[in-house]
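Asks: Quick note, the sequences are listed as chains A and B, same order.
All residue numbers for the first sequence refer to the numbering used here, where the first residue is 106 and numbers rise by one.
All residue numbers for the second sequence refer to the numbering used here, where the first residue is 29 and numbers rise by one.
The set of hints was computed from the structure by calculation and includes no laboratory data.
Honestly, I wouldn't trust all of these hints.
Unchecked claim - Calculated lysine to any residue pairs in the SDA-like style (CA-CA distance at most 20 Å, straight line):
| no. | chain 1 | residue 1 | chain 2 | residue 2 |
| --- | --- | --- | --- | --- |
| 1 | A | 250 | B | 191 |
| 2 | A | 163 | B | 73 |
| 3 | A | 250 | B | 73 |
| 4 | B | 147 | A | 163 |
| 5 | B | 147 | A | 241 |
| 6 | B | 117 | A | 224 |
What the hints assert, rightly or not - Which stretches of chain B does chain A cover? Using the computed rule of at least three CB atoms under 8 Å from a CB of chain A, they are:
| no. | segment |
| --- | --- |
| 7 | 37-44 |
| 8 | 82-91 |
| 9 | 102-108 |
| 10 | 186-192 |
| 11 | 197-203 |
C-beta atoms are modelled at their ideal positions from N, C-alpha and C, and glycine is treated no differently.
Residue strings, one per chain:
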Amino acid sequence: MIMKKKFAQHNKPKAEISTASLPDIIFILLFFFMVTTILRTTDQMVITQLPQAEQLQKQDNDPMVVEIKVGPALDQKELGTGYHIQIENRLARLDQVTHLVLQQKAAIPEYLQEQMIISLRIDENTDMGIVVDLQQKLRKINARKIIYNTLNETAPI
Amino acid sequence: MKIARENVEINSSSMADIAFLLLIFFLMTTTIAVDKGLALRLPPDREENQPIARINERNLFKIQINSQDRIMVENEQVSSIDGLRDQIKQFIMNPAADNDLAVSPQEAVVSIKTDRGTKYATYINILDEVQAAYYEIYANRVRLTSEQFRQLDQRDPQQRRKFEKAREGIPMNISFAEPTNIQ
């Protein structure tokens with residue numbers, strides 16, 4: 106009886122980790138993500154599974170970039186399974202490309218217009234036919250600085 | 029006179045939960061933007077009645093890809109592109125002054141010809157190799173690694189000088205032949 110009481114009375118020291126600074130840590134994480142993310146302004150209308158390459162260069166994320174996407178439509182019920190061209194926020198036929206690119210160019214601040222970069226996000230299974238047609242159009246309007254957006258391929262060791 | 033104050037404290041233990049929810053929301057809704065790629069300058073548009081420039085055969089390195097994604101390098105079919113990079117470097121620099129390779133790096137042209145049915149991924153693969161060859165040559169001239177060379181910031185005058193020094197006399201001549209049907 107006496108022994109039992111002795112065990113029961115054995116009181117534990119209060120061991121508690123203070124969580125008062127936890128919100129601060131989380132907030133710092135949150136701010137980090139908020140600051141480093143860029144919000145996209147265009148809707149994705151085509152699927153672009155980008156190919157991989159090694160010799161990548163960083164693209165200036167500046168107002169002088171015009172984005173062209175090529176790939177199968179996201180909404181295949183409506184648009185069929187063919188490949189479509191998307192320029193900024195709308196789908197374009199090949200003969201509209203010239204017009205739309207020039208329109209985008211006009212929206213760029215004037216002193217940057219000559220440095221316009223066309224960013225091509227092309228699905229890896231696209232046929233070169235459509236890519237070449239697109240490039241011919243771009244050459245015609247002297248929009249010759251292009252970048253093929255690709256994923257980073259980790260070099261085999 | 030002392031006023032006895034009650035210990036007033038807002039319970040902030042749920043603050044962490046709120047912050048967590050916000051964090052998770054941002055994590056879920058953001059996609060990491062891919063803003064890297066193969067930079068390139070397309071050749072200028074050819075005028076209607078401008079004669080096609082004749083290029084000496086030895087200054088031209090031909091790569092052809094057909095619609096089955098088979099690759100032909102200098103008129104020989106190859107099964108893999110291993111070694112293509114070194115072959116191109118050899119062709120551009122021509123260290124042994126071989127009569128079949130480029131007269132000078134200035135005049136060397138690498139031509140990539142694709143079929144309409146060629147897969148874009150195959151083309152990117154080849155272009156990647158060709159650019160790798162050039163970047164390695166450039167980087168070698170200014171004693172950098174290929175990766176360091178590609179990361180040179182053109183807005184910084186000192187780095188720009190390095191960039192220009194590396195490219196001096198060796199333009200990246202990549203030609204894109206108009207597509208035809210290659211058998």
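Asks: Determine for every hint whether it applies to the structure shown.
Replies: Hint by hint, here is what the structure shows:
1. Distance check on the hinted pair: residue 250 of chain A and residue 191 of chain B sit about 18 Å apart at the alpha-carbon level, within 20 Å; holds.
2. For the suggested pair residue 163 of chain A and residue 73 of chain B, the alpha carbons sit about 26 Å apart, so the restraint of at most 20 Å is broken.
3. Taken as a hint, the residue 250 of chain A and residue 73 of chain B pair is honoured in the structure, with Cα atoms around 13 Å apart against an allowance of 20 Å.
4. The suggested pairing of residue 147 of chain B with residue 163 of chain A is violated, with an alpha-carbon distance near 24 Å, which exceeds 20 Å.
5. For a cut-off of 20 Å, the pair hint linking residue 147 of chain B to residue 241 of chain A stands: about 18 Å separates their Cα positions.
6. Simply put, residue 117 of chain B and residue 224 of chain A have alpha-carbon atoms about 28 Å apart, too far for the 20 Å limit, and the pair is violated.
7. Only residues whose beta carbon comes within less than 8 Å of a beta carbon in chain A count, and the segment 37-44 of chain B has 4; three or more means the coverage holds.
8. Counting residues of the segment 82-91 of chain B whose beta carbon lies closer than 8 Å to any beta carbon of chain A gives 0, which falls short of the minimum of three for the stated coverage.
9. Counting residues of the segment 102-108 of chain B whose beta carbon lies closer than 8 Å to any beta carbon of chain A gives 0, which falls short of the minimum of three for the stated coverage.
10. With a cut-off of 8 Å between beta carbons, the segment 186-192 of chain B has 0 residues touching chain A; three or more are needed, and the interface restraint is violated.
11. Here the segment 197-203 of chain B counts 0 residues with a CB under 8 Å from a CB of chain A, which misses the bar of 3, and the coverage is violated.
Hint compliance for this structure: hints 2, 4, 6, 8, 9, 10 and 11 are not met, and every other hint is.
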